[in-house]
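Enquirer: The chain contents come next:
There are 2 protein chains.
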Amino acid sequence: MTVREKSAAGPGVENCPEDVLDTLARGRAGALTRLTEFLAIPSISTDPAYHDACLEAATWCAETLRGIDFEVSVEPTDGKPMVVARWSTGKGDEPRPHVLFYGHYDVQPPDPLDAWNAPPYDAQNVHDPTHGKIIVARGASDDKGQVMTFVEACRAWMDTTGALPVDVTVLLEGEEESGSPSLEPFLEAHGKSLKADIALVCDTGQWDADTPAITAFLRGLAFSELTLSGPSRDLHSGIYGGPAQNPIRVLGELIAGLHDESGRITIPGFYEGVSDPSPEQRQAWRALNFDGEGFLGEVGLSAPAGEEDYSVVEQLWCRPTIEVNGIVGGYTGPGTKTVIPAEASAKFSFRLVPGQEPDKVIEGLHAYISDRLPADVTATYRGEGGSPAVGFDTSAPAFRATAGALESEWGKVPVIVGCGASIPIVEAFRTRLGMDALLVGFALEDDAIHSPNEKYNLSSFEKGARSWVRILAALGATRAAA
Amino acid sequence: MTVREKSAAGPGVENCPEDVLDTLARGRAGALTRLTEFLAIPSISTDPAYHDACLEAATWCAETLRGIDFEVSVEPTDGKPMVVARWSTGKGDEPRPHVLFYGHYDVQPPDPLDAWNAPPYDAQNVHDPTHGKIIVARGASDDKGQVMTFVEACRAWMDTTGALPVDVTVLLEGEEESGSPSLEPFLEAHGKSLKADIALVCDTGQWDADTPAITAFLRGLAFSELTLSGPSRDLHSGIYGGPAQNPIRVLGELIAGLHDESGRITIPGFYEGVSDPSPEQRQAWRALNFDGEGFLGEVGLSAPAGEEDYSVVEQLWCRPTIEVNGIVGGYTGPGTKTVIPAEASAKFSFRLVPGQEPDKVIEGLHAYISDRLPADVTATYRGEGGSPAVGFDTSAPAFRATAGALESEWGKVPVIVGCGASIPIVEAFRTRLGMDALLVGFALEDDAIHSPNEKYNLSSFEKGARSWVRILAALGATRAAA
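Those protein sequence lines, which keep their order, are chains A and B. Counting from 1, position 407 in the first sequence corresponds to residue 407 in our numbering; the numbering is continuous, with no gaps. Counting from 1, position 311 in the second sequence corresponds to residue 311 in our numbering; the numbering is continuous, with no gaps.
Hints are computed from structural coordinates only; laboratory data are not their basis. Please note that a few of the clues may not be correct.
Claimed, not checked - Keeping only pairs whose Cα atoms sit at most 25 Å apart, straight-line, the calculated SDA-like set for lysine to any residue is:
hint, chain 1, residue 1, chain 2, residue 2
1, A, K463, A, G132
2, A, K337, B, K360
3, A, K360, B, K337
4, A, K337, B, K337
5, B, K337, A, E298
Pulled out of the complex, with its shape left as it was, chain A reads as follows (with noise of 0.2 Å):
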């Protein structure tokens, strides 16, 4: 434990993480054991033919979280059974911090076989030139590892200290694999019981092999379908093709309005309540040197089509956009056909930060709109929705709490990273359960997560674990700091 997370820490700490730190590293081999049998485990979610491998590895992790005095369900769904393992003090009198940590434990399927060094199930360990020791096994990252390294701290906690440093939900689907058919309901059902001051999930990466990561912030998302109506029927061109008014040419018209010169949205009110990430936030992502040409490279692009004076991690992270995902109007087949069309209409999709609402975002589309539209054309709008972004206060002291103990363990600075994309769990726990996310994991890019040869660096799972046990002892104090 370094000083300065002490020093965060303040005064109170009951539990001395070292102690617990030290406790993993002599149960080292056995959190290996354990790993190796939960990865031998196929249980492939989107195969019928695994269903009971699925069932069996449910009933793993019950029997696992159980082993470490948690109390444990397995509740059956439409379709893979949810794991919820439950901890706390029981001192109703006393409130502590409660999080609800989130994984899975279903695997993606592991074709093609034959690409594999050696059988999916059977755990390779394995030194790798650039890494050091791997574990090879499909689930090794993605996620029975990452699963493992919370369930390794807290059963090290449980070792030293017979406790957990704050009341710890642990909710493991068996569906991520396919889609989380059963998440929903689960959570319609179940969700008070769920509910705690912040979710935790585990299934994501690190900045790098040396450097962990936050992800903080996640776009929301509204949504809006516009028809405009011109002409009542489909006209010749060659008749009406001059006073007659064209819907497409008002929808064109319509969409190059949306951004001006320097590529911000010209919606009104569309910025309201949005803020630019601190400057510390922007000199933090300007010194990660994200190679935005890269990112941009890999899909056929080279410039950065956003707005001006935003990075393209910025343009990604923290700033609003409005995209047409389709068009459609008039004749589109094969050949010329001259016609006016009575109709156009474009999908639009915004994705949103923190501080703007998706309705009021689509009444900002419909104002621009309107305002306009030309005479003898009307919209009409259909299939209209959304979710707000997640934007965590990097402030917070749950949010230090955490970064603190992840500097601690890495002797790095977390990177706070943001999500352009919503992501269904996270949008999940704020929707049925008004619970923010922040997203923590120790995978890496190359961890080949669904390919053949799936690994987990040996790295990633011990100082995972130790990230976990610090973690929790930090947002432990935060409570007891208060």
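Fit chain B to the given chain A structure using the hints.
Expert: Quick look at chain B alone, frame taken from chain A:
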């Protein structure tokens, strides 16, 4: 014959229309009998059950034209035969004006049959409160009645003088109501022998019951299909939205920029060679009091969307346009898919006016687009082509002769109208034979062509034939006077 026409025709006129008009008047009853015979043949080209009736109609036309000394052949095609009839002085040393008259002997199906007041092929002479005597039958106006105005005019000339004032070729097709599939191959094969100085197409209408019209301007056409390619694949708008260029947005911007605020097209060089109609022509058109509001109102529009400072009639008849006939890109199925598409496409077509060349206009479109394409977006084109506008020089002798002849007959200056669309037969004559066409016809808007109880005013039939007598004389005089 009015003093004015005598004066316009000038010295050297060999034939005196008054005699011919007298012949026509005396032969009134016979003409009506012949039209009734022609109308009795149910020559429905779209219905194979009436194939023999179509052959019968072709034979009837051939016999009728042979009866007035035309040299006639009935030429087979893959569909219905073409009737080709020729009359000329045969004096090769003294070249005379040569006109090609076009009409069609096929008719629309009569459905719904029970909406007819009498059987559709049993022509009825009825007194109509508005129009006086009318002839009611399928094909009375479209196009058998109109064809016979010309044939009866030729008969009167032959009966009176034993000759026609100009060399005449008559081309009657039997597939006009089925899209004329055999016409282009026929012109391709026999073009040279059909080429005349001018084509006279009798398949259009008067301005109103008292005012004749000549359609002298037909807009041309150019077309191009544009595909914009951006990212190398469809992108997730969460992961890439912001810095990634969206081809639909670029397409919208291109479409929006095609017109300036006054509705003028911004493509470089687009208006090169385009002349405004003469002040006299504009004045004449304004005097028509064309009901632009009613024209647009019928298709659910109210405000002319074309160039400022041009009336609806001018926008339609003498101003070029660009239209987007179709557009497609991204996801267009039900619901939402947050994609940034790799591609977006639009089909463009231009209506051209005299002075514009399709190739140059398409080149201009390419230049416009390449000037505006942002980084990372490429444009490809396909399906390009077109045909120039038809615009008669209204001061040319043949035009003035025709207009003068119509004025003599009707006591009113004929309205010189344009047509916003190209007309296939006119385009075929231009493309295949290099010959321009004037459209002169005597139909009225309430003739109910293609509908039950189709009619042709007896006055259209009789004054139509008188008009052709005068037009043939006047055209004959143009060369004599030259």
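Enquirer: Does each hint hold? Answer for all of them.
Expert: Evaluation of the provided hints:
1. K463(A) - G132(A): 14 Å, holds
2. K337(A) - K360(B): 21 Å, holds
3. K360(A) - K337(B): 21 Å, holds
4. K337(A) - K337(B): Violated - the C-alpha atoms of K337(B) and K337(A) are around 29 Å apart, more than 25 Å.
5. K337(B) - E298(A): Holds. K337(B) to E298(A) sits at ~22 Å (cutoff 25 Å).
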